[in-house]
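Q: The lines below spell out each chain.
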Amino acid sequence: AQSVTQLGSHVSVSEGALVLLRCNYSSSVPPYLFWYVQYPNQGLQLLLKYTTGATLVKGINGFEAEFKKSETSFHLTKPSAHMSDAAEYFCAVSYNAGNMLTFGGGTRLMVKP
Amino acid sequence: DSGVTQTPKHLITATGQRVTLRCSPRSGDLSVYWYQQSLDQGLQFLIQYYNGEERAKGNILERFSAQQFPDLHSELNLSSLELGDSALYFCASSVGSRGSQETQYFGPGTRLLVL
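In the order they appear, the protein sequences are chains A and B. Just so we're aligned, residue 1 is where the first sequence starts under this note's numbering, counting upward by one. Just so we're aligned, residue 1 is where the second sequence starts under this note's numbering, counting upward by one.
Possibly wrong hints are sitting among the right ones.
Said to hold, decoys possible - To be clear about the criterion: a stretch of chain A counts as covered by chain B if any three or more of its residues have a C-beta under 8 angstroms from a C-beta of chain B, and this derived list gives those stretches: (1) 13-25; (2) 69-80.
Unchecked claim - Only part of the chain B face toward chain A is listed, based on derived beta-carbon distances under 10 angstroms: (3) Asp29; (4) Ser31; (5) Gln37; (6) Leu43; (7) Ala56; (8) Phe64; (9) Phe90; (10) Tyr105; (11) Gly107.
None of these hints come from the bench; they were simulated from the model. Here the structure is a predicted model, which is why all the values come from computation and not from measurement. Each residue gets a CB set at the ideal place from its N, CA and C atoms; glycine is no exception.
Given the sequences, and given the hints that come with them, work out the whole structure.
A: Pasting the structure below:
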């Protein structure tokens with residue numbers, strides 16, 4: 001069964017600093033990979049996704065992620081954190097054979113002024 | 001705003017009761033997915049409907065059931081409620097049936113509290 005691991009349930013950065021949120025998946029077949037963001041009291045919003053093609057994926061709000069098959073990783077980065085980036089971030093995977101998203105445990109990003 | 005609506009926003013009920021959560025997908029979307037978000041289990045897929053028919057099933061309890069109506073809205077029925085059913089229930093929708101590649105758009109959720 002597929003699984004997703006997000007290292008660090010809480011990450012704190014200073015405003016303007018690099019954001020790095022880690023995601024690793026376990027799979028024997030190529031996955032489709034997603035990052036979602038959840039702001040307080042709101043639903044999930046898609047940041048970016050990787051299905052096929054270029055392994056560096058750019059998303060909304062300046063975020064990007066790189067699919068590294070050899071490392072089974074899909075880490076999310078943003079060069080410069082903004083206060084409005086404070087939220088919970090979820091990595092998710094799906095597979096061609098299935099329709100469901102399997103989510104990681106989430107990482108709460110805190111941005112300090 | 002994703003275009004997916006869920007009602008009610010909040011629901012407080014007692015153990016043993018039954019509740020119905022409602023979801024309207026984005027205009028044009030044929031698939032509806034239900035997810036449960038709880039502190040101990042995280043975000044878990046429950047079930048998917050596509051154009052009125054069940055398409056995929058996840059970790060959905062037998063006490064829970066869902067359906068999708070001809071107008072494509074969906075309802076999730078939770079019965080014999082237990083304290084552990086307290087959670088945030090999300091509905092998501094997508095255009096087609098292949099949720100694996102498609103973007104799923106999430107509603108704001110229904111927060112259920114079982115006392």
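Q: None of the hints should be skipped; say for each whether it holds.
A: Here is how each hint holds up against the structure:
Counting residues of the stretch 13-25 of chain A whose CB lies closer than 8 angstroms to any CB of chain B gives 0, which falls below the minimum of 3, so the coverage claim is violated. With 0 residues having a Cβ less than 8 angstroms from any Cβ of chain B, the stretch 69-80 of chain A misses the three-residue criterion, and the hint is violated. At a threshold of 10 angstroms, the smallest CB-CB gap from aspartate 29(B) to chain A is about 13 angstroms, leaving the interface hint violated. Taken as an interface hint, serine 31(B) checks out: its beta carbon lies about 8 angstroms from the nearest beta carbon of chain A, inside 10 angstroms.
Against a cut-off of 10 angstroms between C-beta atoms, the interface hint on glutamine 37(B) holds, since the closest Cβ of chain A lies about 9 angstroms away. For leucine 43(B), the shortest C-beta to C-beta distance to chain A is roughly 4 angstroms, which falls under 10 angstroms, so the interface hint holds. At its closest, the beta carbon of alanine 56(B) sits 4 angstroms from a beta carbon of chain A; the interface hint therefore holds under the 10 angstroms criterion. With 10 angstroms as the threshold, the beta carbon of phenylalanine 64(B) stays out of range of chain A, its nearest partner Cβ sitting at about 15 angstroms, so the hint is violated.
A cut of 10 angstroms between beta carbons decides the hint on phenylalanine 90(B): the least distance to chain A is about 6 angstroms, and the hint holds. With a least beta-carbon distance of about 8 angstroms to chain A, the hint placing tyrosine 105(B) at the interface is held under the 10 angstroms criterion. Against a cut-off of 10 angstroms between C-beta atoms, the interface hint on glycine 107(B) holds, since the closest Cβ of chain A lies about 5 angstroms away.
Of the numbered hints given earlier, the model fails hints 1, 2, 3, 8; all others are met.
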